[in-house]
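S.K.: Chain by chain, the residues:
Protein chains: 2
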Amino acid sequence: MLTEQAVGKVTMEKLVSLCKRRGFIFPSSEIYGSLGATYDYGPLGVELKNNVKKAWWRAVVQERDDMVGLDASILMHPQTWVASGHVQGFADPLVDCKQCRKRWRADHVKGKGCPDCQGELTEPRMFNLMFKTSVGAVEDEATVVYLRPETAQGIFVNFQNVLTSTRKKLPFGIAQIGKSFRNEITTGNFIFRMREFEQMEIEYFVKPGTDEESFKRWVEDRFNWYVNLGIKKENLRLRQHAKDELAHYARDCYDVEYLFPIGWSELEGIANRTDFDLKQHAQHSGKDLSYFDEETKERIIPYVIEPSAGVDRSVLAFLADAYDEEPDKDETRVVLRLHPDLTPVKVAVLPLSRNEKLAPLSREVCGSLRRSWMVQYDDAQSIGRRYRRQDEIGTPFCVTIDFQSLEDRQVTIRERDKMRQIRVPVEALKSTLDAKLNGEAFDVLPPGGKRWLGFES
Amino acid sequence: MLTEQAVGKVTMEKLVSLCKRRGFIFPSSEIYGSLGATYDYGPLGVELKNNVKKAWWRAVVQERDDMVGLDASILMHPQTWVASGHVQGFADPLVDCKQCRKRWRADHVKGKGCPDCQGELTEPRMFNLMFKTSVGAVEDEATVVYLRPETAQGIFVNFQNVLTSTRKKLPFGIAQIGKSFRNEITTGNFIFRMREFEQMEIEYFVKPGTDEESFKRWVEDRFNWYVNLGIKKENLRLRQHAKDELAHYARDCYDVEYLFPIGWSELEGIANRTDFDLKQHAQHSGKDLSYFDEETKERIIPYVIEPSAGVDRSVLAFLADAYDEEPDKDETRVVLRLHPDLTPVKVAVLPLSRNEKLAPLSREVCGSLRRSWMVQYDDAQSIGRRYRRQDEIGTPFCVTIDFQSLEDRQVTIRERDKMRQIRVPVEALKSTLDAKLNGEAFDVLPPGGKRWLGFES
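The listed protein sequences derive, respectively, from chains X and S.
Under our numbering, the first residue of the first sequence is numbered 103, with each subsequent residue one higher.
Under our numbering, the first residue of the second sequence is numbered 103, with each subsequent residue one higher.
It is possible that some hints are incorrect.
Stretch-level coverage of chain X by chain S, calculated; a stretch enters the list once three of its residues show a Cβ under 8 Å from a Cβ in chain S [as the list claims (entries may be wrong)]:
| no. | region |
| --- | --- |
| 1 | 131-144 |
| 2 | 470-476 |
Here are the simulated lysine to any residue pairs, SDA-like style, with alpha carbons at most 25 Å apart [to be verified]:
| no. | chain 1 | residue 1 | chain 2 | residue 2 |
| --- | --- | --- | --- | --- |
| 3 | S | K271 | X | E494 |
| 4 | X | K214 | X | T224 |
| 5 | X | K459 | S | R166 |
The hints are simulated quantities; they were obtained by calculation from the structure and are not laboratory data.
Small disclaimer: the values here were computed from a predicted structure and weren't measured.
All residues carry an ideal CB built from backbone N, CA and C; glycine is no exception.
Turn these sequences into a full structure, and let the hints guide you.
M.R.: Set out below in C-alpha cells:
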C-alpha cells in the first residue's frame, strides 16, 4: 500500500503506529479483522478532526458575511444522482480474469494479463462507485437509493430553499461538512483514500462573468487556510488541471496538493463548475432554480465555484506536517507541532508527583480550565516522561503543580515548542493561557486572519 | 402523521412551517418530491444542531475526567451485528395483504384485515430494520455490510483500543456522536422518527456491583442536562421501563420523556446493559475484552451504563420548548426562547437604517464580534421588523448602530427576552456580551454546571 516515499518526510508507518498507540486512529472493527478502507477516530483523533472541522467552519462560515451552512442527509432522492450524472457516469472500468475470475481496474492492468495468474482478461466494463441500498419495507414500493458519493449535490437541491429562507444576494456560498461513500476499487494509504470519508465542501454562487475572478480568490483563500493553520508552505503546491483532465462540467480546476508521505497528492480541489449543476437539477426536477437579479431585472442561473476538501486528508496532512523528531539524550523526542487551534488537548495539568498534598490544588487548576478547553490531568510516572507524552500528542502547554505551589499559589507553564518554563499565579493562569492560545503567539495578518508562526521565544 | 396533540403546546405544523420558512429544517431533496423520513438542516438548523452537539460534548467529555470521545465509522465489519444480536433480532413483524399485496406492521393491524382493502393478511414474518449494502468490486468477494442502526457497537468494538491508548481506569466512559440508519416501517412526526438520524451515545464502564449507583447518577445527570439548557421541568419526566418492556440484555432502563407536540415521547434512554455486549463481542471475536483490576488482581468484564440520546429529537424538543407567542399590537410576536448556548445566531448587528454613513461602523462592530460568535448583519427593512425576525430565530442580543453612535461610539444592546435596551461604548461591547452570554445571566449551580434562568431583568 505504501508507495513513493517522500524524501525526508515522516513515514506512513510511523504515523499509523503513533495514531494507534496514542488513540488518534484505529482500524475499524479491528477485533473482527477490520473492514477494508474504513477507520475509526479514537479519543485524540476525534478531537483533532473536530478541531479541523471547527477551524474550517469558522473560516468559511462564521467569519464571512457571504456564507451560510447546511447539513443535508446522506440518503437523498435517487433522481438527484441521475441529474448530477453519477448514475450514468460515476464509474471505473473493470476487467475480469477469465481464468481465476478476479476483478481489476482496467487502467491499472492495461494491456497485460491478470496480475495474479496471468490469465486472459475480459473487455473493460463500467462499475459504478456508488453504494446502493433500498428504503421502505413494502417490496413493490421499495426504492433503490444511494449513499451519497459527495456532499455537493445536497447543496444544489437545497439552493432555492436556502435562497428563500436567508434572502441572500449573489455572490454567496453554502458550506457543508459530512460523510460521503465511494465503493473504491483501489483504496489504501491509511486514511488517504477510504470508502467512507468526510468532506468539507463549498458551493459559491456568482453572477456569470464574475466567476473567473471569484475562482482565483477561492484558490488563494483555500491555499492560505492550510498555511494559516501551520502547514509549511514548501509542502503545499497548486496544480492546475490540464484541459483533458477537466470534468465535462468544469471550466477550470486547481488542486491544492500536499507532500504526503506517499508523495504529492490532492488535498483539496477548487473547480469552476459553471451553471452545469443548477441547470441539470432544474431540468430534471422541473423546478425553477434561477436567481432574480435586481440590477438587470433578469432571472439568471448562477455560476458555481466549488472548493472541495477532504476532512480525513486534512487530518493526515496536519499530522504529517506537524510530526517532528529531535534527539533527547539517548532517546528521541517526538513532538507534534500542531497549530494550537487543532491540538486535541490544549493544556495538560501535571502534579509534580502523585501525592495527596498536590492533588487538591491540581484538581482545582484542572477544573478552572476545563470549562474553556480540553484539558488532560496526568499524575502517573515521572514528570519528564509525562512532558514527552504530551509533546507526542501536540499539547501546547503543560501546567505543573509542585510543593512550592502550595505555598505561593504559583504554577509552572511549560511550552511545547521552546520548552521554556514560566511561573504564574494560579489566578492569572487562565488569562495567560488565553492570551497565548488566542493571540499573543500569533502574527496577525490584516485580511486573511492569523498565521501560526510557532510560539515566540 | 400528526397525532395526539399535546394541550397548550405549539403545534407540529407551526414548528414545521417556522423551520422551513426561516431555514432551520427542509424536507430532504424537496425539489424531487422528497425522500421519506429524511430531512435536511438549513443554515440556522445546522448551527442549532451543532450547538446541541457541542453542549453535549462539553458536558459529557470536556468537563469530565472520566470520559473520552470516539468517532467510529458507519460501515462496520458485519460480524459486529451478529455479535450484537441485530442480525438475528433487530426486526419488526410484518404481514402482507393477500389481495392488494400491501405490507403492514403486524402489531398495527392485529387481528384485522388489510386497512386499505380489507383483504386477508398473511402470518407475520420478521423484517430486519438494518439497511444493507455491499462493499468491494469483486463480486465473489463482495461483503454484505449494514449501515449501523446504532452508534453504541462502534464503542464496544473499540473498547480495548481505547483502554490501551488512554490508560483509563474504571469507572470511565466513551462518548460518541454520529449518524445511524433504520429502515423504519412507521416513520413521521417531522424529525421525531427518521430513517437517517443522529445519536449521542455514552457507554460508561463500571465494576460490577457499582452499576446500580452509577446508573442512578447518569439518569439524574442526563435529566439535568436538558433542564440546564432551558427545557422547562414540567415538560420533562422520567419513566422506568416495566420488566416485560426491558431488552433481554438490560437490567434496568429509564426514559427521559419530553412533552412533544405529539404527546409524551422518548427523548433519551438510560439503560443498564450489564456485561452483555462486551461478553458477546469477546465470544464472537475471540479477543480478550476484559479489564485488569489492580486492586483485586483479577480480570473482569465491566458492566455498562448507556445514556443514549437522539440529536434530532433534542433539537425538536429545544425548538418546541422555546417556542413562544405573545400579542404585539395587532400582530403576534414569535420568540424562540432558546438557551444562548444553543441559539444559531448569538448577536445581530443592525444599523438603524441602510445608510452609507452607518455602514462603516456597523461593519466594524460586526467584524469585531465575528471571531467569537456567529453574528448576523441585517440592514433591510424597518428596525422593528428586524427585531422580530431575530426574536423568531432566538437571537439573544441585537446591537443597533444609529447616527448618535457615529458621534459617541456608543451602540444599543437590545435583549430578546426582556426587550430591555442598554447603551454601551463600542470598546466595551465584546466584553459586555461575553459576560451576558457566558456567566452573568446564569445561576451557577455548584455541581452540575449552570442552569439557564433567562436573562435577569
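S.K.: Would the pair K214/X and T224/X pass a check requiring their Cα atoms to be no farther apart than 25 Å?
M.R.: holds, 11 Å
S.K.: Per the coverage rule (Cβ-Cβ under 8 Å, at least three residues), is the region 470-476 of chain X covered by chain S?
M.R.: Check passed, 4 qualifying residues.
S.K.: Sort out whether E494/X lies within 25 Å of K271/S, counting only the CA atoms.
M.R.: holds, 22 Å
S.K.: With a C-beta cutoff of 8 Å, work out whether three or more residues of the region 131-144 of chain X approach chain S closely enough for the coverage to hold.
M.R.: It holds, with 13 qualifying residues against the three required.
S.K.: Are K459/X and R166/S close enough, with their CA atoms no more than 25 Å apart?
M.R.: holds, 22 Å
The structure shown violates none of the earlier numbered hints.
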